[in-house]
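Colleague: So the chains spell out like this:
Protein chains: 4
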Amino acid sequence: MIKVGIVGGTGYTGVELLRLLAQHPQAQLTTITSRKEAGMPVADMFPNLRGRVDLKFEDPATAPLKQCDVVFFATPNGIAMTQTRELLAAGVKVIDLAADFRITDVSTWEKWYGMTHACPELVAEAVYGLPELNREKIKSARLIANPGCYPTAVQLGFMPLIEAGVVDLNHLIADAKSGVSGAGRKAEVHALLAEAGDNFKAYGVAGHRHLPEISQGLSRAAGQSVGLTFVPHLTPMIRGIHATLYARLNKEVDLQALFEKRYRGEAFVDVLAPGTHPETRSVRAANICRIAVHRPQGGDTVVVLSVIDNLVKGASGQAVQNMNILFGLSETLGLDQVPILP
Amino acid sequence: MIKVGIVGGTGYTGVELLRLLAQHPQAQLTTITSRKEAGMPVADMFPNLRGRVDLKFEDPATAPLKQCDVVFFATPNGIAMTQTRELLAAGVKVIDLAADFRITDVSTWEKWYGMTHACPELVAEAVYGLPELNREKIKSARLIANPGCYPTAVQLGFMPLIEAGVVDLNHLIADAKSGVSGAGRKAEVHALLAEAGDNFKAYGVAGHRHLPEISQGLSRAAGQSVGLTFVPHLTPMIRGIHATLYARLNKEVDLQALFEKRYRGEAFVDVLAPGTHPETRSVRAANICRIAVHRPQGGDTVVVLSVIDNLVKGASGQAVQNMNILFGLSETLGLDQVPILP
Amino acid sequence: MIKVGIVGGTGYTGVELLRLLAQHPQAQLTTITSRKEAGMPVADMFPNLRGRVDLKFEDPATAPLKQCDVVFFATPNGIAMTQTRELLAAGVKVIDLAADFRITDVSTWEKWYGMTHACPELVAEAVYGLPELNREKIKSARLIANPGCYPTAVQLGFMPLIEAGVVDLNHLIADAKSGVSGAGRKAEVHALLAEAGDNFKAYGVAGHRHLPEISQGLSRAAGQSVGLTFVPHLTPMIRGIHATLYARLNKEVDLQALFEKRYRGEAFVDVLAPGTHPETRSVRAANICRIAVHRPQGGDTVVVLSVIDNLVKGASGQAVQNMNILFGLSETLGLDQVPILP
Amino acid sequence: MIKVGIVGGTGYTGVELLRLLAQHPQAQLTTITSRKEAGMPVADMFPNLRGRVDLKFEDPATAPLKQCDVVFFATPNGIAMTQTRELLAAGVKVIDLAADFRITDVSTWEKWYGMTHACPELVAEAVYGLPELNREKIKSARLIANPGCYPTAVQLGFMPLIEAGVVDLNHLIADAKSGVSGAGRKAEVHALLAEAGDNFKAYGVAGHRHLPEISQGLSRAAGQSVGLTFVPHLTPMIRGIHATLYARLNKEVDLQALFEKRYRGEAFVDVLAPGTHPETRSVRAANICRIAVHRPQGGDTVVVLSVIDNLVKGASGQAVQNMNILFGLSETLGLDQVPILP
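Protein chains in written order, with my numbering: chain C, 10 to 351; chain Y, 10 to 351; chain Z, 10 to 351; chain F, 10 to 351.
Among these hints, one or two may not hold up.
In this list, chains with the same sequence are indistinguishable; a pair is considered to hold if it fits within one copy or across any two.
[What the hints assert, rightly or not] Below are the DSS-like pairs computed for lysine-lysine, each with C-alpha atoms no more than 30 Å apart in a straight line:
{"id": "1", "residue 1": "Lys195", "residue 2": "Lys260"}
{"id": "2", "residue 1": "Lys195", "residue 2": "Lys148"}
{"id": "3", "residue 1": "Lys270", "residue 2": "Lys260"}
{"id": "4", "residue 1": "Lys65", "residue 2": "Lys102"}
{"id": "5", "residue 1": "Lys195", "residue 2": "Lys45"}
{"id": "6", "residue 1": "Lys65", "residue 2": "Lys270"}
{"id": "7", "residue 1": "Lys195", "residue 2": "Lys65"}
{"id": "8", "residue 1": "Lys195", "residue 2": "Lys12"}
{"id": "9", "residue 1": "Lys45", "residue 2": "Lys270"}
{"id": "10", "residue 1": "Lys148", "residue 2": "Lys12"}
{"id": "11", "residue 1": "Lys75", "residue 2": "Lys45"}
{"id": "12", "residue 1": "Lys270", "residue 2": "Lys195"}
{"id": "13", "residue 1": "Lys12", "residue 2": "Lys260"}
{"id": "14", "residue 1": "Lys146", "residue 2": "Lys270"}
{"id": "15", "residue 1": "Lys65", "residue 2": "Lys260"}
{"id": "16", "residue 1": "Lys270", "residue 2": "Lys102"}
{"id": "17", "residue 1": "Lys120", "residue 2": "Lys12"}
{"id": "18", "residue 1": "Lys260", "residue 2": "Lys102"}
Honestly, the hints are just simulated from the structure, not real lab data.
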């Protein structure tokens, strides 16, 4: 059994980690921390866990994190970077669900996240935890930068096109729509049901923190800098991301075959039949990305539709997938939940 | 492995049975029928099942139902009664998720359901499949009448009070609220998102088909006829039932202790702490009923709050629970999903 | 033109007052205050008001409230009571949408609201602003206590039965369901879309602040103290209250005739045909209460269904109705919006 | 008073016409037809109209349509074209909310709509009723083709760029999101709350009927054929369209000034401040299009955000706006409702 610690489990990625790990046959939930809620049973905050998770939130100062085999950070940005060095030194593997280790260029990170990085030397070591891209590196990593939700959906959707070199790299467009759980479990007026319900809006058009993360990933795959316009939107649902991706073809290619070949053998990426439209509910509560590729009217614009559950393949499920790889387990272990529909 | 057949799997109880049985370690999905959709892969209708259920809908005329160990009817009312006799004769156990065998008094059934019963002789044999009430009888049954969704939530909530004889039996009130999946996967205007969304209404106040089912169950427990007012409401959510129950106390009793004692040892009934309020999302997608009991201002009115997922403990999950009992398996086998929150 | 001031217009009752008053032919929006947002154009906070309301939030210390003919308090509880004395002295009429003047018994108020009342002498003078009950008194009032949302729906539903003396007064039950805007525009986790969406729960069963307000109103109408069980619920919609009321008949009466007679001539109370079920969306964004009365199975329990828009007839619309009465205008002036459906 | 007839008022554009016209000071609702519902009071189908619209649905065969000054067709596609000739001959003006007269090229229309056109000679005469484009022509028209919902949002958003000749016309992208009322009041499984709720998906990527309508409009404005990729999506809300538009700049231009100038003086188009994001709820139930224009990271891709209420500016409100123009009334008459928020 893998001894698991979770730092900061009071948000949605925290409760989702708990849901998945409580059912994982090789994980032993050992400690979960929250400075603010120390002493409170986890199931008092998250009533779905009643009878399934008996832990109480522990003070991070005294929690036995160093006795764990792996520690997940389900914290706001800027926390993991202050504690990772010590944990790694104690032989603990670290999976950060926040953004502290996602951007290799530290000055870019500092610009977008508005903080000074506390351990820039570890940024280089960290492996970007998108298994469909980086599986081999993940196997031997100590420190995983778990991808953001939008970046997961967008990169998985664009990757086959970019790796194959068939699209104009200067004018990629990602129009992405997210459910409100992506904003986290924070008391903010704009995320109230009375504000976000029955409403749709774009946000962050001028620049969203996931833009440099996506650009970095696509640029690496392309072997050159790419030009990306990324527009995120808030949609009145709880879970789910739908990325609609646009690129201009500059070579003839069998798009369907390209995507099927790229993801053959991937347990968590499902390429749909031509002409279909994936729905976010088809992946609700499960660690799956479903993708369809279109070429409307046979023109030179390719449209890729990519859906994930932002809390699973876009966060906690992918983190568990990374844990499985890190510890040499079957990659699908504990991640075989059937999506919930309706 | 138990060979399982499903008759009529194109509705919500059907897809939920498939979700649960696809993950059940002792169930082998053998056949699923739909006259209208024969030949269509199940996963084309229910995209959450892609990669998990490979069956196609089969024509009921040729489907190998008699080779099954158990057949679930996830059909409209009035179908199971026409096919059960033959299946039982072939040694197949039958679990009907519709109402054909729920009401012991055939004339009452015929009045409320507006049909002539096709096999009244089997009504007497059928066991009402509420395990928390009828576990022993279920063990040796051939034919299970799986309870309705409202009746499950209401009976589990009232039962401790009635068995203990502490409330006025003539004036029970059940004010129940259901998500729209309870109306089934039928093309009806009133259930459109544009009609049922952002809206709340009562329906069937003059008389709902679940009234005689609940009355029968409560009357049996009471040993006398009870007087029940049952008002169902439609609430703009997908899954979930919340029953708010009112009864007048006519004896002093420790309500909390009464409920805890009644459900001690029950894996699927969770009595919450005094003063709390169960939420429907705390049981979303799981086979659990959570109950809290209140006595506002210390008066003589007891208020019971009872929540279930109408598609799980209110339908397909309870059906699998009954299957487990019928076949001598652990009652919780394949039913240990953690509820999805948020 | 009536010069109107609004104190504290940053919540939902504030924006709804602005929407209604901006279209009111006799109201002149003169000032709106917010300590925190002073200087911000109102339409920057509430984009629906762009081009329709040009005011900026003003500091309450300098806002010309005393030059107004009427001031609405759309503030949290406990604010109006500190400023009303001075405004009345300046000849300004006051309509408080909060609870400061609703409960005649000051000690009861202080117990439920947890504060010391700042001007108990005005409590006696204040008129409870439910026009269908108190129209005559409102005409000559200086200070209106605008009713709460639940109290409006519940009192209008129970009133005909109580005034006619046909029900058991000791065991009234009000099972009420509210959309989330009733909780106000406050940053609170439980009201997030990701928490309150696709979810249903009761709250405050042990005691909600609207209980003494409703009890007071019903007791006055009955001429004796009544026994009421009040259970509010949160339903995943934005606007709307549905009250389901239960009482035991102790006299034979033509219920339909009783309700129709009681509300004949009332512009804002609509008694539906027998056997029908009012929907909250049928009153969305309009100042109407729709009521249907049922007697299921001809038993002795009467069921009343009463719906309002909590922000209109349950708050701001009723406040404007009160303003119309106070100033001798047609009661329906500016309140003839057709409800929005779908 | 203008005598108004409505053909086919049982859908959402019908009820919205009724809501608007019931409050219009110069409109007299004279007749409304429905073959299927003849004899039913309109307010029985649409409870929001109780007390406000006293009409019953009339059989179209006998309804006094020819006595009207104007007839609105709120029918499925293919109905108006069979009745318009006769109405025009009787001197009645016709406003078709369906698509029968929107596409000038009849063969294109017949291909996309799968029918033979019943009166191709009138197609040429019909004026496309987008007042911000065609105001002068509308004034003297007999027959108005009221634009589709997506086409309204997309054309208003793209028009300033195209008229100014500052973008690459071959690679326009319109990523549009609609609430479910856009699908109409039809009993279809995919639009059930249990299907479309908490879900997001694209549809019609291979080709949607609004594509030729939008292309025609943009091509006319450009004076040349444009290349457009149009991807519609279904979002879980009732009302609202959000169009996110992408184009590549090929000239330097002050985008904000361009948009402000283009729509100066337009009562129903609101250009927001730079850097902002319009929300669909900011136009809910009102005849407004709000637009913001962005140029992310100062690159060569311009992003336009355009929102409307699909049932108002995208259908019935725009139809009333056209009626006002046709009859020489103030264009805003009866269309000054403040949007509903929250």
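Colleague: The structure should be examined with respect to each hint, and the outcome stated for every one.
Modeller: Here is what the structure says about each hint:
In this assembly of identical chains, the alpha carbons of lysine 195 and lysine 260 never lie at most 30 Å apart, being 46 Å within a copy and 43 Å across copies at closest. In the homo-oligomer, the alpha carbons of lysine 195 and lysine 148 never lie at most 30 Å apart, since the shortest distance is 34 Å inside one protomer and 46 Å across protomers. For the identical chains of this complex, lysine 270 and lysine 260 are intra-copy neighbours only, at 18 Å inside a copy versus 41 Å across copies, given an alpha-carbon limit of 30 Å. For the homomeric pair lysine 65 and lysine 102, the shortest alpha-carbon distance inside one copy (22 Å) is at most 30 Å, but the shortest distance between copies (44 Å) is not.
In this assembly of identical chains, lysine 195 and lysine 45 lie within 30 Å of each other by CA distance both inside one copy and across copies; the values are 14 Å within and 21 Å between. Proximity of lysine 65 and lysine 270 under a CA criterion of 30 Å is satisfied inter-copy only: 26 Å between copies versus 46 Å inside one chain copy. Taking the shortest alpha-carbon separations for lysine 195 and lysine 65, both the intra-copy value of 21 Å and the inter-copy value of 29 Å come in at or below 30 Å. Taking CA atoms no more than 30 Å apart as the test, lysine 195 paired with lysine 12 passes inside one copy only; the shortest distance there is 29 Å, against 40 Å between copies.
Taking CA atoms no more than 30 Å apart as the test, lysine 45 paired with lysine 270 passes in neither setting, with 48 Å inside one copy and 35 Å between copies. Taking the shortest alpha-carbon separations for lysine 148 and lysine 12, only the intra-copy value of 18 Å comes in at or below 30 Å, while the best inter-copy value is 40 Å. In this assembly of identical chains, the alpha carbons of lysine 75 and lysine 45 lie at most 30 Å apart only when taken from the same copy (21 Å versus 45 Å across copies). Taking identical chains as interchangeable, the C-alpha atoms of lysine 270 and lysine 195 are never at most 30 Å apart, the minima being 41 Å within one chain and 38 Å between chains.
With identical chains, the CA atoms of lysine 12 and lysine 260 are never at most 30 Å apart, being 50 Å at best within one copy and 51 Å at best between copies. Taking the shortest Cα distances, lysine 146 and lysine 270 sit within 30 Å of each other inside one copy (21 Å), while across copies they are farther apart (54 Å). For the homomeric pair lysine 65 and lysine 260, neither the shortest alpha-carbon distance inside one copy (57 Å) nor that between copies (38 Å) is at most 30 Å. Taking the shortest Cα distances, lysine 270 and lysine 102 never come within 30 Å of each other, neither inside one copy (33 Å) nor across copies (45 Å).
For the identical chains of this complex, lysine 120 and lysine 12 are neighbours neither inside a copy (36 Å) nor across copies (50 Å), given an alpha-carbon limit of 30 Å. Neither within a single protomer nor between protomers do lysine 260 and lysine 102 lie at most 30 Å apart by alpha-carbon distance, with minima of 43 Å and 52 Å respectively.
The structure fails to meet hints 1, 2, 9, 12, 13, 15, 16, 17, 18 from the earlier list, while all remaining hints are met.
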